[in-house]
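Participant: Could you put together the complete structure from these sequences and hints?
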Amino acid sequence: MHQLVKSFAFIIFIFNPLLTSSHDGEKHSMKGHSKADMMEQCVEPTIVMQKEHFKFLYHQRDKTVIKGVRTKKHSLANCIDCHVSYDNKGEAIPVNSDGQFCQTCHVETAVNIDCFSCHASVPRGKQVILKSNDNIKSISNIHAKTSYLIKNLEDMHYEK
Amino acid sequence: MKNNSLLTRRDFLVKSFTAFSAIYIIPDIIPHASASKPLDKEVDSSTRWAMNVDIDKCVEGCSACVDACVDENGLYGFDRPETDSQWIRKLTLKDIKTEKISTLPMMCQHCENPPCCDVCPTGASFRREDGIVMVNQHTCIGCRYCMMACPFKARSFVHENLTEQVTNAPRGKGCVESCNFCANRIDHGADTTACEEACMNEGHQAITFGDLSNPNSRVNKAIDNKPGRRLRADLALKQRVTYSGF
Chain A
1 MHQLVKSFAF
11 IIFIFNPLLT
21 SSHDGEKHSM
31 KGHSKADMME
41 QCVEPTIVMQ
51 KEHFKFLYHQ
61 RDKTVIKGVR
71 TKKHSLANCI
81 DCHVSYDNKG
91 EAIPVNSDGQ
101 FCQTCHVETA
111 VNIDCFSCHA
121 SVPRGKQVIL
131 KSNDNIKSIS
141 NIHAKTSYLI
151 KNLEDMHYEK
Chain B
161 MKNNSLLTRR
171 DFLVKSFTAF
181 SAIYIIPDII
191 PHASASKPLD
201 KEVDSSTRWA
211 MNVDIDKCVE
221 GCSACVDACV
231 DENGLYGFDR
241 PETDSQWIRK
251 LTLKDIKTEK
261 ISTLPMMCQH
271 CENPPCCDVC
281 PTGASFRRED
291 GIVMVNQHTC
301 IGCRYCMMAC
311 PFKARSFVHE
321 NLTEQVTNAP
331 RGKGCVESCN
341 FCANRIDHGA
351 DTTACEEACM
361 NEGHQAITFG
371 DLSNPNSRVN
381 KAIDNKPGRR
391 LRADLALKQR
401 VTYSGF
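If you read the sequences in order, they're chains A and B.
Just so you know, we're using this note's numbering here: the first sequence kicks off at 1 and counts up by one.
Just so you know, we're using this note's numbering here: the second sequence kicks off at 161 and counts up by one.
Read the hints as simulated data drawn from the structure, not as lab findings.
Careful, some of the hints might be misleading.
[Claimed, not checked] Now the in silico label distances, taken between C-beta atoms and shown as ranges:
1) A/Gly90 - B/Ile256: 56 to 62 Å
2) A/Asn78 - B/Arg169: 54 to 60 Å
3) A/Lys73 - B/Thr282: 24 to 30 Å
4) A/Gly90 - B/Lys201: 33 to 39 Å
5) A/Cys42 - B/Gly237: 34 to 40 Å
6) A/Lys67 - B/Asn361: 27 to 33 Å
7) A/Val107 - B/His298: 21 to 27 Å
8) A/Glu52 - B/His298: 16 to 22 Å
9) B/Ser205 - A/Glu40: 39 to 45 Å
10) B/Asp227 - A/Asp62: 30 to 36 Å
11) B/Ser373 - A/Thr46: 41 to 47 Å
12) A/Ser97 - B/Ile256: 53 to 59 Å
13) A/Glu52 - B/Glu324: 28 to 34 Å
Beta carbons: idealized from backbone N, C-alpha and C, even for Gly.
Facilitator: Here is the structure:
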């Protein structure tokens, strides 16, 4: 009997960490609000973006550096501009930090990217100051809209 | 009695001045508004960016151009002058015979025959169609051959991990970098670099930048007034940065 209790304790001890760290049924959500939160889709259909986004980035980077093409559609700066989250104080959270847009998937798929050892992971610099002011405005809009949606959802729930 | 069908002297003068200014003055006040490149157009050799520095106008002790460059490209350092990046630096020269002291900004000279591109083993050092010599940091392996080949000591190597890069100037550890004539700015339609803007704002107007193919560009006018010379012309590198007044 004593042996049995001991082995039970051992089994629980072994499996405990696995059980507590499992994400099953838990919803993944990112901290903060980004412009992308309120968009229907990215610059291409979502399924294409999920599979091919790095090809767009590779293609665009050579065109930009060598040929001087600065279109916004597939540019990394524009990705960051749209997908970077802002906390409640209106400060940008780096896209490659834990639980943020880039990092969430790349951890899941064990892909190690080194974009952000050179590229800025938040919009930063002279030419983006004006833009970021717009960002803050749009974020407050997003806040208002999401809280409105949540309220409505609750009402709908009660009606049922 | 006033005759309405004829112009008075006053009206004639006013109207002729308006017409004159519309044709000759206003296009000069709004510089090259039509010349800016659309974002999706590739650069080509019809534009030839160049810079001229008038040494007589460059003021000793002024570092506005250097500060503007640091600000524009996020070139913050680690207070280690021997290894910190510098895309533009001020030099002070002294004439041995006359003891005249002059000062000038030194940066990448954007050669038409760039030695840095000749020695680059990966093709990361390259010359863009419009004459800007740049480092493609995606292919740079950090061997620093280009730094040894450059006679103007214009390039820097990033020795340490960086965290505060600006969006418009990506840069990182293990790559060589140098002045790129504010390529990001001019690709977005500007026709001035950060250093030229700063020099203008200081009121010195020593640096002039512009398109050599455009006869009305600031750099062409400056060179017409006071011919610019290339440094170390014996090397036959055909630099796009020239210096006048020495």
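Participant: How does the Cβ-Cβ distance of B/Asp227 and A/Asp62 compare with 30 to 36 Å: does it lie in that range?
Facilitator: Since the Cβ atoms of B/Asp227 and A/Asp62 sit about 32 Å apart, the hinted range of 30 to 36 Å holds.
Participant: Between the beta carbons of A/Glu52 and B/Glu324, is the distance compatible with 28 to 34 Å?
Facilitator: Hint holds: Cβ distance 31 Å, inside 28 to 34 Å.
Participant: If you check the beta carbons of A/Ser97 and B/Ile256, does the distance land in 53 to 59 Å?
Facilitator: holds (57 Å)
Participant: Quick check: does the Cβ-Cβ distance between A/Lys67 and B/Asn361 fall within 27 to 33 Å?
Facilitator: This hint holds: roughly 32 Å between Cβ atoms.
Participant: Per the hint of 33 to 39 Å, is the separation of the Cβ atoms of A/Gly90 and B/Lys201 within bounds?
Facilitator: holds (36 Å)
Participant: Quick check: does the Cβ-Cβ distance between A/Lys73 and B/Thr282 fall within 24 to 30 Å?
Facilitator: Because 28 Å falls inside the window, the suggested range holds.
Participant: I want to verify a distance hint. Is the separation of the beta carbons of A/Asn78 and B/Arg169 within 54 to 60 Å?
Facilitator: holds (59 Å)
Participant: At the C-beta level, are B/Ser205 and A/Glu40 separated by a distance inside 39 to 45 Å?
Facilitator: holds (42 Å)
Participant: When you take the CB atoms of A/Glu52 and B/His298, is the distance between them in 16 to 22 Å?
Facilitator: Holds - the Cβ-Cβ distance for A/Glu52 and B/His298, about 19 Å, lies within 16 to 22 Å.
Participant: Is 56 to 62 Å respected by the C-beta to C-beta distance linking A/Gly90 and B/Ile256?
Facilitator: Hint holds: Cβ distance 59 Å, inside 56 to 62 Å.
Participant: Is 41 to 47 Å respected by the C-beta to C-beta distance linking B/Ser373 and A/Thr46?
Facilitator: For B/Ser373 and A/Thr46 the Cβ distance comes to about 45 Å; the hint holds.
Participant: For the hint 21 to 27 Å, verify it against the beta carbon of A/Val107 and that of B/His298.
Facilitator: Because 24 Å falls inside the window, the suggested range holds.
Every hint from the earlier list agrees with this structure, and none is contradicted.
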